[in-house]
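**Q** Residues per chain, in single letters:
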Amino acid sequence: MINIIKPIIPELTLAAGICLMVLVNSFIRTPHRSTSQILAVLTLVIATATAVPLFNHDVEILFNGQFIIDPLAIGLKISAYVAVLLVVLSTTINEKINQSEILLIELFATLGISIICSAANLLTIYLGLETLALSLYGLVAANKNSIESTEAAMKFFILGVIASAIFLYGISLIYGIYGTLNINLLNVMIVNNTLELKIAVGFILCGIAFKFGAIPFHSWVPDTYQGASTPVALFISTAPKIAAFALLYRLLIDAFISISETWVVMIYALGMISLIIGNLIAISQNNFKRLLGYSAIGHIGFIFLGIATGTKDGLESSLFYLLIYVLMTMVAFMVIEVLSSKHREVKLLKDFKDLNSSHPWLSLIMLFSMCSMIGIPPFAGFYAKWSVLSSLVEANMVYTAIIAILMTVVAAFYYLRVIWFIYFEKTNQEIGQPESTILQKAVVSFTGIAILLIGLYPKPILDFCRQIISSNLLLD
Amino acid sequence: MYELSLIALITPLVGGLLAGLIGSKVNKSFTHWITTLGIFISFSISCWILVEVFLNPSLFLNQNIYEWMSIAGFNFKAGILIDHLTVSMMAVVTFISLMVHIYSIGYMHDDPGYHRFFCYISLFTFAMLLLVMSNNLLQLFFGWEGVGLMSYLLIGFWYKKESAIQANFKAFIVNRVGDMGLLLGIAVIFSIIGSLDYQTIFNSSTELVKAKISITNGYSVSAITLACLLLFFGAMGKSAQMPLHVWLPDSMEGPTPISALIHAATMVTAGVYMVARMSPLFELSSVALSVVLIVGATTALCAGLLGIVMCDIKRIIAYSTISQLGYMMVAAGVSAYSASVFHLMTHAFFKSLLFLAAGSVIIALHHEQDIRKMGGLKQYMPITYLAALIGSLSLIGFPGFAGFFSKDALIEAVAHSSTVGSEFAYYCVLIGVFVTALYTFRFLFMVFHGQTRFKGGEQIKESSWVILIPLILLSIPSILIAWPTFGVLVFGDFFSDSIRQISSYELFGFEYQSPLSFLIHSFSGPVIYLSVIGIFAAWVGYIKKPELPYKISNQFTTIHRVLVNKFYFDHFYENVIAKNTAKLGSAFWKFGDIKIIDDFLVNGTAIRIQKLSTITKKMQTGYIYHYALMMVIGLSLLLAWVIIKS
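Residue numbers (the numbering used here), protein chains in the order written: chain A, 1 to 476; chain B, 477 to 1122.
Quick caveat, the hints were computed from the structure, so don't treat them as lab data.
Fair warning: there could be bad hints in the mix.
The calculated lysine-lysine pairs, modelled on DSSO-like cross-linking and capped at a C-alpha distance of 30 Å, are [to be verified]:
(1) K347/A - K1094/B
(2) K459/A - K553/B
(3) K849/B - K636/B
(4) K426/A - K441/A
(5) K1042/B - K1027/B
(6) K353/A - K1087/B
(7) K350/A - K426/A
(8) K1094/B - K353/A
(9) K1042/B - K637/B
(10) K347/A - K1093/B
(11) K312/A - K1121/B
(12) K144/A - K1094/B
(13) K636/B - K931/B
(14) K1093/B - K350/A
(15) K1094/B - K350/A
(16) K441/A - K144/A
(17) K1042/B - K1055/B
(18) K350/A - K144/A
(19) K426/A - K1093/B
(20) K1059/B - K637/B
(21) K553/B - K686/B
(22) K1059/B - K1071/B
(23) K347/A - K1087/B
(24) K1059/B - K1042/B
(25) K1027/B - K854/B
(26) K1020/B - K931/B
(27) K504/B - K937/B
(28) K350/A - K1087/B
(29) K1093/B - K353/A
(30) K347/A - K426/A
(31) K931/B - K1021/B
(32) K1087/B - K426/A
(33) K1093/B - K144/A
(34) K854/B - K1021/B
(35) K637/B - K937/B
(36) K1020/B - K937/B
(37) K854/B - K937/B
(38) K849/B - K637/B
(39) K504/B - K637/B
Work the whole structure out from these sequences, hints included.
**A** Okay, structure coming up:
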């Protein structure tokens, strides 16, 4: 019994935690914020702790081929849990929105991510995907009193449903052709690159691109980042991207590796467009959260280019880039989360004016994050960019690498603009003392310093990514 | 010894940094104590090593401290080389530096930049030690640039003075020209030998001789000649050889202790030191030696002539320094490196003595530097006068003084040499001896003798003891240093482990026995008589018949004008080179920078991207059906590509 349960203990923990939180929330009328937060943190810590020993577990397929345990699944799960843990720790109390509700839905979303990471069947994947997507709609709409938030949620929901339908249609095509949804079986069965198969892959890829927020399936990203409250935006911009990577990997590599020449081109095209247009639009943004949305699109472009090399190196560097991206974005959102008070939300670029004189430490952390996003050594972002670029060059895609570098220069403009506002603009407007707790500040500082430390010593994270990717025998 | 020499190198750095970083937060006495202590430790260690070396002549240390970087199979290391040449230089540099530190406590006392000053001179000493203690060309270059930087900062020490800023700019630019040569010379050596380590370079110097470097099609030069000429070009910049000498007179805008330390005793001799250090290479190229000889001889004579017409007390000594540097180069040119280095050392003592004495006068007269407004100071400042007299006698090579031995030895070597150009050089240095005596005693007579030409004579008094002690301490070696060391250093084989030089008999043409015999021997030559005539001429012109010089200058107006205008070097540089370079630069700036880079590339790109951004931004309309449409178009395009492809 214990042997059957053991591989799914993380998911079971999450489910149990969710149930407990639902109970607590319904029995305690005005739930104290910290009750939910402590519960959520406990759940995530246990889930992480039980997932870590599984990392070196043998590859195992459970439940009639529905569920798989391999380094990829466990590695991404651990990353996602840690990310969510940091998000939960940095979430503030805010009377406008019900905090415990947000934490609860975030745990639901985490469960969805977890399922996607371990799914070995297209149906399981879809199940996880919908668990995640529905939670995200709820999260964005959580700020019920805000028109902006409701609008963003509505858009996100409708577009999400369309994307979901497209994805599902792709799956149904696959089922129609091969009569199975099992990924391992598909991998064996797909030999010829037929037109129907290609069309199916095209549909599925659209669904994946939507999850990542690659252009032209990106429209929800800026609106949602801007509309959602900061803790929610913080969540949406981080953990679900890890799920999207798992989704992409399970489908494109595990199932469709034999027709890689088809999807490589598609991924390349999507990546290129995202990289160029995302960064271009970001230049003329004045809202910081929206700017981060477009910058995210640009970063996704980088990740896609890494995948488009089709090599092991490329995938490793893409995963590394993704993890570093999650860290950097997290820091940026955390800083504005910490700065915002009950009465005032820091969201416009000009709100950052002269931040340095009132909050030198937070300014420094923001500087770390921005420099890292530009890719200035010794911050982590430099190694992320460098590893993707070097794998591009090794795959003989030198011109692509050059374009990527040029777009990095463009991106440097708007990141540096943030730094400019923080350090060089003068203002008489006071930012005011934020109501953040010591815990939040500690988490921000920890994450910010992590960017620097990883930059100085990137080897452990690089090895982690290498171990995840190299476990796959399908890649040469 | 390795650890000790490392300490000797580091203490000036530590002292300088402490003075610069926290000095102004503590107080003045902390600043001068910490820096002087640092130099004192360095000086003591240098002396100790020097004594060790005298006791045990086989002492030698060549050790790498650490590997700095490793690129494409080439290793660049930082290292220490302690041989007899290094030790002698270390002792001289630290001694003069110590004297100047003590002197500056009095001289700079009321200056608001007190901490900055001590920080700079300590750091300068560090850079100079780095230069002389290096065991490879790269580190030498770092030290070279370090002393250059400190010299720049100290010339412009009074940065609110317009002329000081111009002077430090000039020094910096002229030195850049020279440094370019040095760097290219190092590059030539590196490209052929593949190492910058002295030992490796000297061991494989035959490769340099064999290698040819083609300048244009069909015309090539020997690598050794090219390398030596380029290295010497670097030395010309740093050691103020004509025509790159123009910065040194202007550098007198800095505080006087700086002129003594940097622009007389140590930094400007770095070029001479480098030539001596590279003697195994220079010996292989007769062309380079001739160039060194001729440039040195010309400088020795012409700079001396300019010294006669200058009226600024410090500029006279500055031209004298250039002239003496020329003498050192002449000695190097006829392969008498030991004489060259020995003259470097004696010169360091008597010239810093002269400068510090001049500084004492300047301070007493409240920063008056025009010798026409001095005179008769002997009775007011007896100790300063005595110091200046000793310095002057040593400078002109009065028999028995330190300067006499070094200068006479090198003139002997020139007379006996057969290097191409040595006859020209011989006459230059001989006339130079007369000229030296003339301008030196003109300076001495006009400042200390005759009528007083300044106001408020009653208030003039001797400087304080912090200023006088260095003068006294420097007077001693200015007189005596040659007696015990002359034979060993110049005629013995003291430098044989670092300088490649033929035997002293072949070099000087006679057998050396003792300083006294050398003294007697020199009476058979013309040098002593020439300097006596020089003194006499100065006495006639500036004591006996003061109207005579005016008559002469009226008689020979053209020559006088040429001299007053310093051979028009400054005019030429300013009106021809600087102006045209500026024109060229401004043309590049107007067309290349503003038009192409700024307008087209930088701003142009930015503006275009900004425009593109505004256009693409319109994609995000906010209408959900537009978003959905976009997704559908995206999907259609993907599918269309798939279908068309198959």
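**Q** For every hint, state whether the structure bears it out.
**A** Verification of the supplied hints:
{"no.": "1", "hint": "K347/A - K1094/B", "verdict": "holds, 21 Å"}
{"no.": "2", "hint": "K459/A - K553/B", "verdict": "holds, 28 Å"}
{"no.": "3", "hint": "K849/B - K636/B", "verdict": "holds, 25 Å"}
{"no.": "4", "hint": "K426/A - K441/A", "verdict": "holds, 25 Å"}
{"no.": "5", "hint": "K1042/B - K1027/B", "verdict": "holds, 20 Å"}
{"no.": "6", "hint": "K353/A - K1087/B", "verdict": "holds, 25 Å"}
{"no.": "7", "hint": "K350/A - K426/A", "verdict": "holds, 10 Å"}
{"no.": "8", "hint": "K1094/B - K353/A", "verdict": "holds, 27 Å"}
{"no.": "9", "hint": "K1042/B - K637/B", "verdict": "holds, 23 Å"}
{"no.": "10", "hint": "K347/A - K1093/B", "verdict": "holds, 19 Å"}
{"no.": "11", "hint": "K312/A - K1121/B", "verdict": "holds, 26 Å"}
{"no.": "12", "hint": "K144/A - K1094/B", "verdict": "holds, 28 Å"}
{"no.": "13", "hint": "K636/B - K931/B", "verdict": "holds, 27 Å"}
{"no.": "14", "hint": "K1093/B - K350/A", "verdict": "holds, 20 Å"}
{"no.": "15", "hint": "K1094/B - K350/A", "verdict": "holds, 22 Å"}
{"no.": "16", "hint": "K441/A - K144/A", "verdict": "holds, 27 Å"}
{"no.": "17", "hint": "K1042/B - K1055/B", "verdict": "holds, 19 Å"}
{"no.": "18", "hint": "K350/A - K144/A", "verdict": "holds, 27 Å"}
{"no.": "19", "hint": "K426/A - K1093/B", "verdict": "holds, 29 Å"}
{"no.": "20", "hint": "K1059/B - K637/B", "verdict": "holds, 27 Å"}
{"no.": "21", "hint": "K553/B - K686/B", "verdict": "holds, 27 Å"}
{"no.": "22", "hint": "K1059/B - K1071/B", "verdict": "holds, 17 Å"}
{"no.": "23", "hint": "K347/A - K1087/B", "verdict": "holds, 24 Å"}
{"no.": "24", "hint": "K1059/B - K1042/B", "verdict": "holds, 25 Å"}
{"no.": "25", "hint": "K1027/B - K854/B", "verdict": "holds, 27 Å"}
{"no.": "26", "hint": "K1020/B - K931/B", "verdict": "holds, 23 Å"}
{"no.": "27", "hint": "K504/B - K937/B", "verdict": "holds, 25 Å"}
{"no.": "28", "hint": "K350/A - K1087/B", "verdict": "holds, 22 Å"}
{"no.": "29", "hint": "K1093/B - K353/A", "verdict": "holds, 24 Å"}
{"no.": "30", "hint": "K347/A - K426/A", "verdict": "holds, 18 Å"}
{"no.": "31", "hint": "K931/B - K1021/B", "verdict": "holds, 23 Å"}
{"no.": "32", "hint": "K1087/B - K426/A", "verdict": "holds, 27 Å"}
{"no.": "33", "hint": "K1093/B - K144/A", "verdict": "holds, 28 Å"}
{"no.": "34", "hint": "K854/B - K1021/B", "verdict": "holds, 20 Å"}
{"no.": "35", "hint": "K637/B - K937/B", "verdict": "holds, 28 Å"}
{"no.": "36", "hint": "K1020/B - K937/B", "verdict": "holds, 27 Å"}
{"no.": "37", "hint": "K854/B - K937/B", "verdict": "holds, 11 Å"}
{"no.": "38", "hint": "K849/B - K637/B", "verdict": "holds, 22 Å"}
{"no.": "39", "hint": "K504/B - K637/B", "verdict": "holds, 24 Å"}
Comparing the model with each earlier hint shows no violations; every hint is respected.
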